[in-house]
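> Kindly produce the complete structure, drawing on both the sequences and the hints.
Chain order of the listed sequences is A and B. First residue of the first sequence? That's 232 in my numbering, and the numbers climb one at a time after it. First residue of the second sequence? That's 327 in my numbering, and the numbers climb one at a time after it.
Careful: at least some of the hints might be erroneous.
[To be verified] In silico contact screen, one side only, chain A against chain B (beta carbon under 10 Å); selected entries:
(1) Asp250
(2) Gln254
(3) Tyr297
(4) Ala300
(5) Met304
(6) Pro329
(7) Gly331
(8) Gly332
(9) Gly336
(10) Glu408
(11) His428
(12) Asn430
(13) Thr459
(14) Asn486
[What the hints assert, rightly or not] Here are some chain A residues the structure puts well away from chain B; computed CB gaps all over 10 Å:
(15) Leu362
(16) Asn386
(17) His427
Just so you know, these hints were derived from the structure itself, not from any lab. Heads up, the beta-carbon is just placed ideally off N, CA and C, and yes, glycines get one too.
Chain residues, written in single-letter form:
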Amino acid sequence: MFTLIVGLVACANPEIINDGDVQVRVVIPKEAATREVVAATDEDGDGQYTYEARTLTDLRLLGPVYVGAFGGMDDVSFPYVHPAMGPVVSGTVGDTYPYGGESLGRLDFACYEFLACKVTTGRFTDYASLLDHFRNNLGTPVIDSYGAEVVSEENMRAACYEYFAATSDEEMAFIGEDNLSFEEEGDNFVADMVLHHTNRVSGMSIWGFMDAPELATDGVSSNGAYTTCNPSSGRSVDDYNSEFQEGGSSFDILNSPSTYIQYEDWVSDGLAVVEFDDEYNQLEVPEVNLNFHHQAAE
Amino acid sequence: MQYLNRFRAVLLGVFAAFLATVALSGPAWASASGTIKGVVTDESELPIPGALLTVSSDKLIGGAMQYTSDADGNFVFAELPPGSYKLVAAKQGFGEVTKSGVTVAVGRTTNVNILMKYGGETIVIEEKTKVVDTENASNTTTFNRDYLQKVPSGRSYQSVIGNAAQVLGSGNASAAGASGNENTWMMDGINVTDPVTGTFSQNFNFDAIEEIQVITGGYDPEYGASLGAVFQVITRSGGNTLEVFTNAEYTNGNWSPKLDDRYAADAAMLNFGSFDYNSQSGSVSATIAGPIVRDRVWFIGSYQYERSLYTNVGIGTPMDFDAHYVFTKITMQPVSQHRISLSLNTDPTTIDNIDQGDRYTLPEAQARQMQGGYVLAGKWNWFFNEDANLETTFSLQKSFIEQSGVPCTHDEELGYNPCEPDESENTIDYDTSGRYGSYGAFNRDNFTFFQFDDRWHAEASTKFSVLNVNFLGKHDFKAGLDFNYSAWDWVYGATGNMYFVDLYENQFDPETLKNWYFVEYSGSSVYRADAYSAAGFVQDVYKPVDNLTFRYGVRYDRSLVRNDAGDAVVDVGVFGPRVYAIWDPWNDDKTAIRAGYGRFNDLGRLDVSSYLSRSQLAGKIIYDGTLDNGTNYASQAYLSESTDNTFTYGDLSAPHSDEFTASVQREVVPELSAEVRFTGKFTRNVYTFDETNLIYDEDGYSFLGTSEGYSDFNRYYRLRTPGIARRDYFAVDVELAKFESKRWFAMATYSYVSSRGTTQNSLSAGLSNPSQVELMYGSLGSDVNHQVKASGYWLVPNDPWTTTIGVAARGYSGSPYSRYYWQAADMDLAGGSYGLLKQPLGDYTTTPGYWTVDLLVQQEFVVPKGKLNVRFDLSNITNNQYTLAYNTGYIAVQNRYSVTSHLGGVSGTVAVGYTY
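As structure tokens, then:
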């Protein structure tokens, strides 16, 4: 009996962990990747480009997607579904939600100052794809610190390796076939994502939005930038240029999303509720449909 | 005999009372002695009762011990100090049989069976070494004094332990898959583990050590609460003969090839230039041991002075390591029933200019670290009779670490921190704020921080043994109680309550020096915490028949670890049952088949409580205008002043290991044993510490926000022991051990190890539990699959001058590494930085395998009244310099990790010793 008691006591080890991963499926219509862009062409091969506006559907036009788990929805205060605010606990509006969140694609700056706040990871297969996008889709070729256009993917690779002291493309988060976030599925692009380290509460709502790139039609340097990335408040990276800002994300993107949502962005159209059983096993994977296109009134 | 039986009944009653009333817990007793057991039989293999057995040794104070064989002819001698013994059996009509050369080692049972012939005469037999212990189940390696003197070991016990199987590295080594702070360190059966960090706390003069014991698994309930190994130093005690040992040695690091550059994880050299250095070290020591009263009072006094200088080229102030190791012990046995020993060990050390890793530190910004402590220990053995004894121990331990700027000096030649003209020699400046250099700028003005860290540990324990009890076989019962109190007083602050951070705007260009920001603190932090624990254990060594032994028992540990607010951070009461079986199928003492299970618990340490500190430094950061990015906190309250942002997540449970062991050992030829061991160890509920409210981007590089609010400093941390924080460890050892005879000794082990899990950490100084991705499972740092250890010595037959050649070799396959991504630099102030893990543990890369061979050649000369010993000690004779570890430091500039730790090249030591 003594041994039995010892054994039972030794094995009793209750553990309740309600923080963990939450699986989410993000669905965004191809329309969100369809934009009017300015194409650059160099028919003579003399480095002189001509620009022409055209409508293009391209995965590379998808910006970072921010998804969070919230307590509820507010469909009154904004022209789009917006997460409802929880109780204010510290006097700061928005201080009690979300429960967790993450992004699909992060803003990266890919070796050249020019690219700061314009490169979203998970959208480019290789350096050539990136250079091609900026030159031919956005009409704003990548330039180096001397103002010269970067035309060779080998040159860009060399610059990146030097900057990151890297030796393989695997260490470059902004390129790679395997790093692509979205897959094509009918009229949509879809991606599975995980909200890591989330405080799991049964019945909580999943909501998100996509920050679409700002597209200039006149080839200005801000072409392709994102509102959720403010170069003036990012971390400084001093060995490149002390004035060069990496462009870190702002900290309240999921607490005060309306600050960042602007025309052309795509927003979740409603609630996606996630349920857990008593042991915090997720019962189903909610789909977050980012199919509300926030456009300026005609 | 009737009286004896009655007495045993009383003792059994006491034992039962232990069983019924055990209600307390705590760390450690452990055996610091060995046992001789056996049976006296006649030619017909019938037991001879009433034979008088006498055991004696020059290691045994109090003179010879005697035992009268019982009705089954059995006898047992317990609490024997390690050494070589003579055992004499005498019985009227049977003559006298003497067995000499009976070896006793700590924690081992030496079986000596005696055959007496009726009408026999006095005979003397040289006992052959018993290489197989048929009563113990633990994975034990014992390094005796011969080994310590003849095998190259760096003359430190922290280095010797690395020659045992399943011990990875040396010092605070990872043993059997555990962390370096999950071992138990013992001195003469007394726990001397650092109560804060769980690491070793004492240094000894190597000549004061008699034996070193390493137990990596399968240990009895009497051994304490640890998830790793038990490392025990058995000190010398003196004897009836006066002995004097002296030693002087010198090592010049400049004889070695220089260590080299920093490498990237993929071995591409980074542009940091060479690390060229200059190092020298030396030590002198003297030990005197002998009798105060012959057979009654022995003493040993031992002193070692150690000094080393180490300089990185470009830094004019060498690191100056200055240590004194003092050990004294008096052992008394005034009457045969009582043996008492008192010892004091102390190891005060001063290290000036400690920061040689960073050559961008000017002399006035260098640090002095003072460290060391003492252990005052006492032990009382009360031998009630042949079969019952009580051992009571107490210890008082203090360790300290103090850090400050180096004291100033007016001696310009020293190149140390120069004093101001009106400043007194050796003044330590606590008022001038230091300037911390970044991106190539120098650290200057003063050392940035100071700390005074004092740790105390007091322990009292008692254990009661009743041996050779007849009840359906033979039993050796043991039970004990143990009480501990530990306290920690840690004052930490910035000199002048402020520090500055400078940088070169253009890296390495002094012309572009500017202040980046400065941090102001409201004062020092004072952290005072304490811990109580108590433990009880009962265990039995049960032999139902001669060739089968069961070792079983249970310990109960009760532990309370409190933080500075008096909150109980760890409050656990846990059982540790252990059961092992050992079978000697041919009953010839040459084979042992062992199997067993044990649970081992971690009772927490004081540094666990510090993760819930309520005494954090409260600082605010003020950016200089040039880099002010719109965030100026000058007008704000002190950051981190609210220290209630850490909490325990549920009640912490005790991290614990369930260990399964099995082995087969056989003496294949005389004095050569071959053994195959299997260890499976499953550790659960390891301590983890993480953030609860940060929201990361997809790749884990940056924060998107906090789930608790806008402010980036409003972050919450939790300390927990989840079941998913776990380690799974498997090892198969193959060991060959040739005990010393015919002038040579050798042991060799090969271990195949698999060590996987979700965290290696146990809240040590570094903390890297990834918080973004929940404890991913993968290869831990200790997943070094192939480990080979071989060591031995040969006494070259050239008497009267004796040459000894000793060799030690270690080989390891590579160690897996994870790649972490650091959090944003501007978040550092909020609570320290730690990495975000993007890939399964251990997937990033693997260090290359490496091996080393050390060689020790010594020549002994007979000189008047003693022996002179000249030694040449060469480590890493093939000059292998493989990568050992990736630096955990982060090169922010280049956004990646580097490798700085390489295996040291060949180095040599010359030493001269004298033995009186």
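> Give me the numbers of the hints this structure contradicts, sorted from smallest to largest.
Violated: hints 2, 5, 10 and 17.
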